[in-house]
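Novice: For reference, the chains in residue letters:
Protein chains: 2
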Amino acid sequence: MRSCPEMAPELGITLPGDSAADNTGETDLSKSKFSQTLQKTVPSSAHETQVAMDDTPVDLEKNGPALRAQHPVLNPPRPPGLWDDLKTTVGEVFLSHEKRFRFLVKEPMSGTISILGSFFPILVWGRNYTIAKFKSDLLAGLTLASLCIPQSIGYATLAKLDPQYGLYTSVVPPLIYAFMGTSREIAIGPVAVVSLLLSAMVQKLEDPVANPIAYTRLALTVTFFAGIFEAAFGFLRLGFLVDFLSHAAIVGFMAGAAIVIGLQQLKGLLGLTHFTVKTDIISVLEVILKSAPKSWSPYNFILGSSFLTFLLITRFLGKRNRKIFWLPAIAPLISVILSTLIVFLTRADEHGVKIVKHIKGGLNPSSVHQLQFDGPHASEVVKIGLIVAVIALTEAIAVGRSFASLKGYHIDGNKDMVAMGFMNIVGSLTSCYAATGSFSRSAVNFSAGCETVMSNIVMAITVALSLELFTRLLYYTPIAILASIILSALPGLIDLNEAYRIWKVDKLDFLACIGAFFGVLFVSVEIGLLVAVIISFAKILLNAIQPGIEALGRFPGTDVFCEVNQYPMAIKTPGILTIRIKSALLCFANANFVKERIIKWVDEKGDDEDCTKGNAEGRSRPKLVILDMSSLMNIDTSGIASLEELQKKLMLHGTQLAIANPRWQVIDKLRLANFVNKTGGRIFLTVGEAMDAFL
Amino acid sequence: MRSCPEMAPELGITLPGDSAADNTGETDLSKSKFSQTLQKTVPSSAHETQVAMDDTPVDLEKNGPALRAQHPVLNPPRPPGLWDDLKTTVGEVFLSHEKRFRFLVKEPMSGTISILGSFFPILVWGRNYTIAKFKSDLLAGLTLASLCIPQSIGYATLAKLDPQYGLYTSVVPPLIYAFMGTSREIAIGPVAVVSLLLSAMVQKLEDPVANPIAYTRLALTVTFFAGIFEAAFGFLRLGFLVDFLSHAAIVGFMAGAAIVIGLQQLKGLLGLTHFTVKTDIISVLEVILKSAPKSWSPYNFILGSSFLTFLLITRFLGKRNRKIFWLPAIAPLISVILSTLIVFLTRADEHGVKIVKHIKGGLNPSSVHQLQFDGPHASEVVKIGLIVAVIALTEAIAVGRSFASLKGYHIDGNKDMVAMGFMNIVGSLTSCYAATGSFSRSAVNFSAGCETVMSNIVMAITVALSLELFTRLLYYTPIAILASIILSALPGLIDLNEAYRIWKVDKLDFLACIGAFFGVLFVSVEIGLLVAVIISFAKILLNAIQPGIEALGRFPGTDVFCEVNQYPMAIKTPGILTIRIKSALLCFANANFVKERIIKWVDEKGDDEDCTKGNAEGRSRPKLVILDMSSLMNIDTSGIASLEELQKKLMLHGTQLAIANPRWQVIDKLRLANFVNKTGGRIFLTVGEAMDAFL
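As you go down the protein sequences, you meet chains S and L in turn. If you read the first sequence in this note's numbering, its first letter stands for residue 461, the second for the next number, and so on. If you read the second sequence in this note's numbering, its first letter stands for residue 461, the second for the next number, and so on.
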């Protein structure tokens, strides 16, 4: 396709790497000071890394800039290849496990303790646990339980499961996390967004109203797979996968999910019997408005909204005055007790107020036989498990990190993921659905002054006791109250300030945020997530391949060359056009564009719009184009071809091309592609040296 | 989520931009030398671009490095935002059209001529056209026609259309291109890959055997839309979209397509009646082996393969000796004439040799009424049109560019796309299917010494004459010969040398190449393309967000800091850890990873693996970490949050953080996010200045 006539290399130095690459694809091997140094720096297994150089050691201090500029620039050691990178990464994952194992073999006694301690951090911090700490944790745990019981029942209805499943989920997972996790403030249990996500996706496979048993089985199986994925992410140190949902996307997603959850609660608040399985705002509003007002129940609404007002007022007061943080924390429990009493005394359930009715009492039953690994939905269930795992981890890690950062300690993301995984695996065997760290309850836990994760144990025991003793008392609890408890927790998920800050700092980030928001709101939860991920990655792509170039000038009084737009005081050198490529990659997607732009700039005699100094000399055709490649991390075959064409076109009009500061990967590929020999291009360490060599 | 206690800024300089951002989101306005300079450099409409600075002009030459380092670094002009970039891009697209229009209004006479000339380059070069040139073009055109007639018929059968459609496509599109295009050597007509692509995708909608009329209508409609897309790409200057198929992907795709096309020809070569609509190698081989050998026809095979041998030998000879380039060019026509005579004389068609039979004579009929814009397949047809347009343009632009580069002239990609678009739109109205520039015929055209695109006109007229006069003579042409003509052209599509070169230079590029190859071969043409595009973009993503950091050292005898692995002679400064972030973006996908890595390096007291000099001082905990941000083109909210956390964690252990050389977008976002005030971080122009300030 491209046949470039081979040009005699203008450089005096022969490039063995260049010519050898043509013959055998390998570089000559010759011992030198540098190649020996190199063998220390690059893993020795990294293929033929020896550098082709003269045998005589070169004194770089004494020799002039020309030699300095070309010798080491053109003859760097070979960078580690794709294979080496892969080996290093995999090695890092298994090294830590292997080290531990070796230690175990050497010293079985202390090795076992050390391993147990690393899997169960409670064994480490438990040794220094004091009565004083326990007092704080007891108080925090009880406060947590008072908030957790009504919320758990509410979130179970959001997940379209029987109310007791919410309580089950607040018993086993917190206990397991308490033994294995590293965060001290996180409050484990069911959360709104994961409950919504689970029900939104599982009810497409099985109808929760028509077929509740099959639905529950699927929900538990999804929980099992979510646990498997979480544990696997932690064990394989893939914690970074959680970062793939950008902060902006999470802000948008959470806000959208909050509104969707709120809409779902209208069913309970209005006492509707028929509702839609879709979650988008259009479908939900359609159902509600179509049913209006004949099937709206005024009693449900009045009861629900008056308690919602109460909850919101306590929330507001708690925010105004940090000392009464416990008021919003226990307000839900007060609401439940009060409203249950009201309904019981007035027998309002006979006048259309919907009530919870029977909640199965007793501790978590086994659900081992409910897991379903075959059947028509197997692959779907695994997929939902993955999505639930990612969202659950994202929320938990965000919660854990923010509180750890407040108290100044470090949480081990990978260890925490393993803990989350185990708690969900064991949970799925004991009738729990997907649990994670809750934003709102962790904040209450923190405010209540918890010292360790012991508060979770206190909470779990309290919930377990309630399951044994008090479920009968919840018979008359109105569903509208559960809806209002969920509704009152939603404002915490909508962070307008953060959205505004994102808008201010980065418009494209805001696009991901708003995309996730509208995706969740108008289509579905999964689509919202997908939109967010796609916009986030599209943004990275756009940034990586933006076909931009920028003019450089000398910073007054220094040898530093910088962008003239960023530093208006920078001075251009007449007759020389210094250009920096703005993107990190010169590849198929932008190489041609960059080439055309450079040629256009050169043809326009310097550059019209950017030549702010407007000196007349700058307007004649430049004699030299210096291409500063310091931004360029990599180049591909299309990029190299473009550079070759650029060099040829510039030569046609008598303009020379010099390349400054090529990075390791770039210079290596240019050598492999025989670029220097083909074009006679000049390559220098810095822009300044390229300029000096020309002048 | 993150609440960082506001730290008093350590810097002596107040940063109005920082504090103002907190209050109103706008920066103070104060006139200064720099803000005036700025107004020239950035479009004046670019929101509030004034820089907040002291009123007194600062003499940068006289003041010390500290001021130099901080004043301009911390107070750059605002970079153009997303909106400005968009405006500039859109402006560039329409400016050229608008300029032309204004010129037309001012000087209607010369304006019209200039516009006509720019749309029809033939009006420009036609003025200098000479008899000598015409002689060359006439010879080239006739050679071209002799190759084109048999190939066109063959490609039409590959596209599952009647043979005359191939001939039609060699009449109208070349004529239109000749008037509008800018390449001189390109030979326009049907090509193998586009024919395959068209039939592979359209036959999923309509069966070409059971329902040939509906199939033809769809094929013509696809051609129409392909033309619309091509013209739109050209008019909107979206030529760069063609670059989105990386060179490596094209190499793999072409090779895969060649084998798939070859497999399709086995039907003709073996004289099979039943065949599969699938194109993957497994399905095709299955059909062939299942039918073997009972329905294989020996006469077809013997006839086809003997002429294939003849064609391949002429091809080989033509390659060995460039002087007899005409031999492979006219060999197909010779084969057609000879084989037709043989069949006619021996009446071999009565013994099972499949023949072309009736070819409808006469020039292109109108097909305006055959286009079908409604119906069940409308959206599918548009999609296929887009894919065909991209592949057709990719091939044509590659052909055009490579020959233009050989002769040293410039082809206007956008103008050529408009020409291709028009030729396909008009083609679809005159019974032509998708045409583009053919690799093999353009090479023949070039070798035959064509001077201008006039050779295409000669070829089109010759084909038109054949359509009028000679179609009846092709009645007895055996189909096996058409198959062997197509087969003989395929080796040119497989470029093993280039594949090897790609493997040598870039392993990931090779992965895209091989992915496209296997995708086409084992699944389908579209999947092959999709795989290639996905791998290519995944590679960009990987490169852009690689969470790498590298240690820097001072290049001996200079102020330049460079990577110690790339330049083993670089010297680290004891007690100071200088780190460069390797990726172009510090964003949600890698920010956390980069932060953790830096903290790990610092915790490991310098850095074990990279501290090649092994000096003892380097092993004590560094007092200062200098983060060289020169590679970083952009940063997002997650990236800023990571930097804030990094700064806090380093401070805990008494290590200071300094940032060197932040780029325009980066420093702007750090300012907007109030980073400097929050962390008291120090920001410098270069690593050297950061180091001097510390020492």
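Treat the hints with caution; some may be incorrect.
Any copy, or any two copies together, can satisfy a pair, since identical chains are not distinguished.
What the hints assert, rightly or not - The list that follows gives simulated cross-link-like pairs (lysine to aspartate or glutamate, EDC-like), each with its CA atoms no further than 16 Å apart:
#: 1; residue 1: Lys967; residue 2: Glu666
#: 2; residue 1: Lys1060; residue 2: Asp872
#: 3; residue 1: Lys967; residue 2: Asp544
#: 4; residue 1: Lys593; residue 2: Glu911
#: 5; residue 1: Lys750; residue 2: Glu1023
#: 6; residue 1: Lys1109; residue 2: Asp872
Rather than coming from a laboratory, the hints here were simulated on the basis of the structure.
Novice: Tell me, please, which holds for Lys750 and Glu1023 at an alpha-carbon limit of 16 Å: within, between, both or neither?
Specialist: neither (61 Å within a copy, 68 Å between copies)
Novice: One pair to classify: Lys967 and Asp544, alpha carbons no more than 16 Å apart. Within, between, both, or neither?
Specialist: Result: close only across copies, 12 Å inter versus 38 Å intra.
Novice: Is it within, between, both or neither when you check Lys1060 against Asp872 at 16 Å Cα-Cα?
Specialist: between (52 Å within a copy, 13 Å between copies)
Novice: Pop the pair Lys593 and Glu911 into one bin, within, between, both or neither, using alpha-carbon distances up to 16 Å.
Specialist: within (6 Å within a copy, 92 Å between copies)
Novice: Check Lys967 against Glu666 for me: Cα-Cα at most 16 Å, and say if that holds within a copy, between copies, both or neither.
Specialist: Intra 40 Å, inter 46 Å, cutoff 16 Å: neither.
Novice: Given a CA cutoff of 16 Å, do Lys1109 and Asp872 count as a within-copy pair, a between-copy pair, both, or neither?
Specialist: Between copies, since 15 Å is at most 16 Å while 55 Å is not.
Hint compliance for this structure: hints 1, 5 are broken, all remaining hints hold.
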